[in-house]
Amino acid sequence: MSTTQTRQPALLGTSGLVFLGVLVAAAVLVPILNLAISPDSAVHVPTYVVSLLGKYLTYALLALSVDLIWGYVGILSLGQGAFFALGGYAMGMYLMRQIGTRGVYGDPVLPDFMVFLNWKELPWFWYGFDWFPFAALMVLLAPGILALVFGWFAFRSRVTGVYLSIITQAMTFALLLAFFRNDMGFGGNNGLTDFKDILGFNIQSDGTRIVLFVLSALALGLGYLLCRFLVRSHFGKVLVAIRDAETRVRFTGYRAENYKLVAFVASAMLAGIAGALYVPQVGIINPSEFSPANSIEIIVWVAVGGRGTLVGAALGAVLVNYAKTYFTSGMLAPYWLFMLGGLFVAVTLFLPKGIVGTFYEWRARRRERDDIPGESPGELPGEPPLAEPKPAA
Amino acid sequence: MLNLFSQARHAARRVAVGAAALALAGTAIPASAQETIKVGVLHSLSGTMAISETTLKDTVLFMVQEQNAAGGVLGKKLEAVVVDPASNWPLFAEKARELIAKEKVAVVFGCWTSVSRKSVLPVFKELNSILFYPVQYEGEESERNVFYTGAAPNQQAIPAVDYLMANEGVKRWVLAGTDYVYPRTTNKILEAYLKSKGVPAEDIMINYTPFGHSDWQTIVADIKKFGSAGKKTAVVSTINGDANVPFYKELGNQGIKATDIPVVAFSVGEEELAGIDTKPLVGHLAAWNYFQSVDTPENKDFIAKWRAYTKNDKRVTNDPMEATVIGFNMWVKAVEKAGTTDPDAVIPALIGVAVPNLSGGFSAMMPNHHITKPVLIGEIKDDGQFDIVEQTPGLIVAEEWSPYLEGSKDLIADWRSPMNCGNFNVKTGKCGGAGK
Amino acid sequence: MTFSARLRRLAGGLLLTLFAFCAGPGTEQAMAQGSSAPDISAPLAQLANDNYGDTEAALGALALSGSPAAAGVVAALADGKLVFSTSPRQVYIRGDAGLIDPLTMQPVADAPAVKPVRVNNRIRRAIDAANGALSLVSPDPAKRMEAANAVGRSRDEAALPALDVALAKEADPKVKSAMTLARASIVIGKEGISPAERIAAVDLVAAEGNQEALAILRSVPASAAPEVKQAAAAAIDAIERNLAMWSMAQNVWYGLSLGSVLLLAAIGLAITFGVMGVINMAHGEMVMLGAYTTFVVQELIRTYNPALFDLSLIIAIPLAFVFTGLIGIIIERTVIRFLYGRALETLLATWGISLILQQAIRTLFGPTNREVGAPSWMSGSFEIGQLSITYGRLWIIVFAILVFVALLATLRLTRIGLEMRAVTQNRRMAASMGIRTNWVDAATFGLGSGIAGMAGVALSQIDNVSPNLGQSYIIDSFLVVVFGGVGNLWGTLVGAMSLGVANKLLEPYAGAVLGKIALLVIVILFIQKRPRGLFALKGRSIEA
Amino acid sequence: MSDIDTLEPRTAEPAPAARKELTEALLYLDAVTVTFDGFRALNALSFTVDPGEMRAIIGPNGAGKTTMMDVITGKTRPDRGDVFFNGGTTDLTKLDETQIATLGIGRKFQKPTVFENHTVIDNLRLALKGQRRALPNIFRRESAAERERIDEIFETIRLTEHKDRLGGALSHGQKQWLEIGMLLAQDPKLLLVDEPVAGMTDAETAQTAELLREINANGHSVVVVEHDMTFVRDLGVRVMCLHEGSVLAEGTLDQVSANERVIEVYLGR
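Chains as they are written, first to last, in my numbering: chain E, -13 to 379; chain G, 6 to 441; chain F, 2 to 545; chain V, 1218 to 1486.
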């Protein structure tokens, strides 16, 4: 990481450095505190916390992927959960095939749910998933190709704003219904569960969990660097330009749809990777990941953290999910929806730019006062203008 | 308990930033932690499943209070730990882990849907704890760490079909369900069962609808059409909770009466009927192992206490509640028998435990971790209660592996030594499923 | 013996008895006087066994007995007023004052502990059969009509003699034709009928042209003459073709009905989202609040004035409008108004509000479904040709159209409507003309919310009244508004109706799930073709 | 983009009389008609712009000036009529905005449209002629020649000291200049400039006129739409008056302002 940093000093701002620093610290400290410290010690991190943290990190990566297209291109996708779920299913299918004869029916080829429903052979789209490199490729390709096809149509037809948002929602809703169907061959409502091994390692062992956690941290770090690199490039500047004034970009000679498409596909693939890391850590993938409410929640994480800041998106994902974990236990359990709902309303009203966005604004104001030259104005995107409301009838 | 936050304060500042994000610790454990036995409650209190599961949370809390009033267990008070998995399946696994690993509960009562059970299953196996699952389900499972106190398909579906054949002379069958595992499997079993009874394929109609399906016009019209072919027709409904209200409302609207085409449901109980005007539904049926209208002193006593506890003299009871009560009592008995709450001692002790059920008999935990149950058929009355029209004479033992399914017909489960297996193949004589 | 055979014998027995009475002169009188009152104590004792088989047998015996007391016992059983005691094993009728002896009709002095005689579907059918048969000669033509239809449906050969007698005496032409049809239905499947008679029967039944006629025509026995079979086959063919056409019409009707539900759900959103640009995720919860308002109104009516129950929905509609409208205004004043011009943030805030509202309702009313009953005028159905139309759905369509028209009129014709349009088109100009834009914003959001609340009243009739009610409509609502074209009410109308009809036309071929998936894909593709929906506003102003 | 179908088939070839004009003109519009929901925004509009020419277009609101620009830049498809570029070699009605921009037609909007969240220098970098494809731009680095060119443009538009400020932070007039600078960076053959001095001070207006004359002198053809008659006079070029979607009068400013119909349109009857 330090080499990248020296080679391209502009790549990271202070907040980026803090973010990566915390990530590295977590990736180093958590395994030590989990494995090397006695469970009786107060600083011991129990394995369930490791998995929980790993889950948060995959959510953070997912939020990052949303911020790339929402924060920097202005594409409000209410279907990002679909890409996450597809990546998850690709990984889940690999993990299913690894069960082998250890399923309850002991069938060497067919997953339990197929035996259960009297399937005789493996459907064609399950071929190859027993081979990890293929599954890993599909983690990228399944969401990538869906995004490519969907985006190619939508951006060429210049579907924008809420119209785009609603059709992405329709897309994930259609996939939700499709994956719920038992006839689809993806395990219906029960989804894929009861995983045993990943690459020969027991998925429930502490060591595997630690490795998955570290991998999630690594993926988040690399994902952050990738996004940061993209948005700082000429390409990224065009993206922000499209967000703020798409027509102007077209009149300047750029093919806006191609730029959007590249960003959209990249974002979908990042979401796919997040999904693939998520599944082995939570142990289940089920169609409810496609539910439109999930995708809306991702948007909410990004908004809470601060749209168009990357770091904020990741922070928002971790914060909101930590709040969820915290509030759904103990005395507060019956009231947690009040708190979560209240949090969203409060953030919108009092921190309209999200936590990190507000911090940047505060810092920029202080700098202006102290007359310190701005660090990176690209971190402060304004709200893109939305079409004026139309008159009725 | 973990409290990274306070520790990290002493560490370097940089670490503190990282650790703050990791400070997952909830509230501090009360000082009396050693003196109580913790009981986990893992039922959704929000989201789509709250509608069914909230009552079960209340039931466990009620049972804990009753047990504590009776002196607790092994001389210690019970303490319920309630979490809300919010109808979110991965959250079920996370909360299960939290209950077992962080809260160190001795036992968990929880789950409603099959997917939530499947989601927590690896957690219970890994951390070796005990789950009591109180809902009727598709079977095809028997795990060491799970005790199933709801009905397997042969404890609900098959007796219901038998009743309709014998008493209503039904010749033509509509198997209507929500598209998920329980209806799929139940309908597969029923289809095989009906065919084995000589029902031709053209007299069976199978229909699946998505969750929360609310527009039943077309399907009810199809059922009406299917039922007008001259043979007595019945609907076997495995439609999931939420979709039932619009389904029954549409039946009423299109004028399908129970005397024309009776509907027998496996997921509609007193709780669901509380949301419907039942006057047009009188005579439609449900098959359960318990109804609130069961006329026994045990039941009357239970209902009275339950209503006193909830301070609501209209609060209804239902089958999964009874299953929770049975499971709770079995666990208490097994813990007393084993003298400890250690799962390794309690799990074997549970087998063979028998406790009174609310319909006047005893239910026993069998070696397959399922319980024996009577089967009751009830007709809906206009007050939202059921009129019990048939009760099996004895108790029925659960067939966790259905003999009507290809993959499972040779499997049995027996968690006693020496077999100690949930999927023993009687043909190959090996533990580990049917193989190929 | 199978159940249906038993039933048939029972019904036949009843009819034969009746036949005997009707045939002889003065039998009615004899019956009324009960000159030779038969002893029914044995079947009565059998009833006290409280066993379905015994109850059924006792019913048969009672009907055959011809005792005047029998009718009262059967009626009491049907009403759930027949009770029995175990010691002594005896049945009584539960009267208003107390128990009555069914034989003497005198009150019982010291009443023993009793339980009602249980009734299940089988017994209910036996009661129906008995009542139906008795009614063939009832003085009330409506009852005779019903009885004739019942006999026709049962297609019981044993009923033929009784039917013939009743036919001979029948004066009412309508009842007579119903009896003729019933007779034909029986004759078609009976052995030993002359080809001519059977063909006549086939023609008569075929003229009905419905699903039941199809089933009857299929009962022509294999032994029938070839020309009869030919006639039946031709008739079946014609009916099937006819029914296929009707089923298309039926599907369109279902589609319109679904469309009206979508319209109701979406039309409030067409205001808050379409006109005001608020991505209102709490819209579904407004619908839910409307449904709960209906529940509360019905509870109050049940408690204080049950006679008003049929009016409960009419009362609930304005209350739901006012209540959810007020909630909408509160939301607008406390949250939304700070977010104008930041439409995407309204998504976040309203999502939070929707969570709070759901949990609030869950806390107040519990997580389970609450019962909202249907008033009598919304129950049942009628037929136009082979088209079956339920009143509930019909009223919902009417209501949806009324709401749409009222909303359109409000926006077009009233002062506040004019101000709303002015503010949404050019806020600054409107403000400078003295329009209180703050107030207009609140009123507009309140109007959208209030309409959602009214939709909730209608949806409470067909769906769960639970805290999750709103969630199931929010996606469809957004889809409808966007498909129709944001900001265009006509677009919402046409969008809702076309999505509803398309869904219902797809469903028979693709099934409910695939049909819905196909519809979503169609909408996605359609938006590619028309990126601003069905009724896009044209011209420069769009992208400016 | 309009999805109205062409009402009449467009003539495959222009009439012979128009041919000479066509092959010489940089921009050629013939009988262009655009209708929005029955309202004729352009009504058989015809005119040509020669290479190197600067032309001013005036006209009251709703005369069709912006629609005309929309048609030329591909934002709106005409219902009828021909639009050719580069001496009749290119049919603009068959191209979209991006293709037309790449051909060498730059457009400044009525409302100044700069990239508000980019610095002034980034605004110019984005506009600068060069690689336009998405993937290569991920790894693109600025060349020395490009840096030089940007410096030159800064000189021209007089914003050098503002180059690190955000586009959105500029004053209205500065934004207008930045936008003109962005046009220059694109190096188009034809500039379409919509109301460049709206909201400017008198001094700024004069400077802008000078700027446009300079640009024109460097070989760019310019079409300016403007209300400000002082400014149009400053430009000192041929003037065309649009009314109800067609040309009402054409000539020097004095000729046009003397035209009785123009007076009638502007001052009312």
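Mixed in with the good hints, there may be bad ones.
Dumping the calculated DSS-like pairs for lysine-lysine here, alpha-carbon to alpha-carbon at most 27 Å [said to hold, decoys possible]:
hint	chain 1	residue 1	chain 2	residue 2
1	G	386	G	414
2	G	237	F	116
3	F	82	G	284
4	E	182	G	262
5	G	386	G	262
6	G	262	F	116
7	G	284	F	116
8	F	144	G	176
9	G	319	F	191
10	G	236	F	230
11	G	229	F	191
12	G	109	E	182
13	E	182	G	414
14	G	82	G	342
15	G	435	E	182
16	G	386	F	116
17	F	191	F	230
18	G	316	E	310
19	G	82	G	316
Think of the hints as simulated: they come from the structure by calculation, not from any bench. Just so you know, these numbers come straight off a predicted model, no measurement behind them.
The hints, checked one at a time:
| no. | hint | in the structure |
| --- | --- | --- |
| 1 | G:386 with G:414 | violated, 38 Å |
| 2 | G:237 with F:116 | violated, 31 Å |
| 3 | F:82 with G:284 | holds, 17 Å |
| 4 | E:182 with G:262 | violated, 50 Å |
| 5 | G:386 with G:262 | holds, 13 Å |
| 6 | G:262 with F:116 | holds, 26 Å |
| 7 | G:284 with F:116 | holds, 22 Å |
| 8 | F:144 with G:176 | violated, 30 Å |
| 9 | G:319 with F:191 | violated, 54 Å |
| 10 | G:236 with F:230 | holds, 21 Å |
| 11 | G:229 with F:191 | holds, 26 Å |
| 12 | G:109 with E:182 | holds, 24 Å |
| 13 | E:182 with G:414 | holds, 25 Å |
| 14 | G:82 with G:342 | holds, 17 Å |
| 15 | G:435 with E:182 | holds, 20 Å |
| 16 | G:386 with F:116 | holds, 16 Å |
| 17 | F:191 with F:230 | holds, 14 Å |
| 18 | G:316 with E:310 | violated, 31 Å |
| 19 | G:82 with G:316 | holds, 23 Å |
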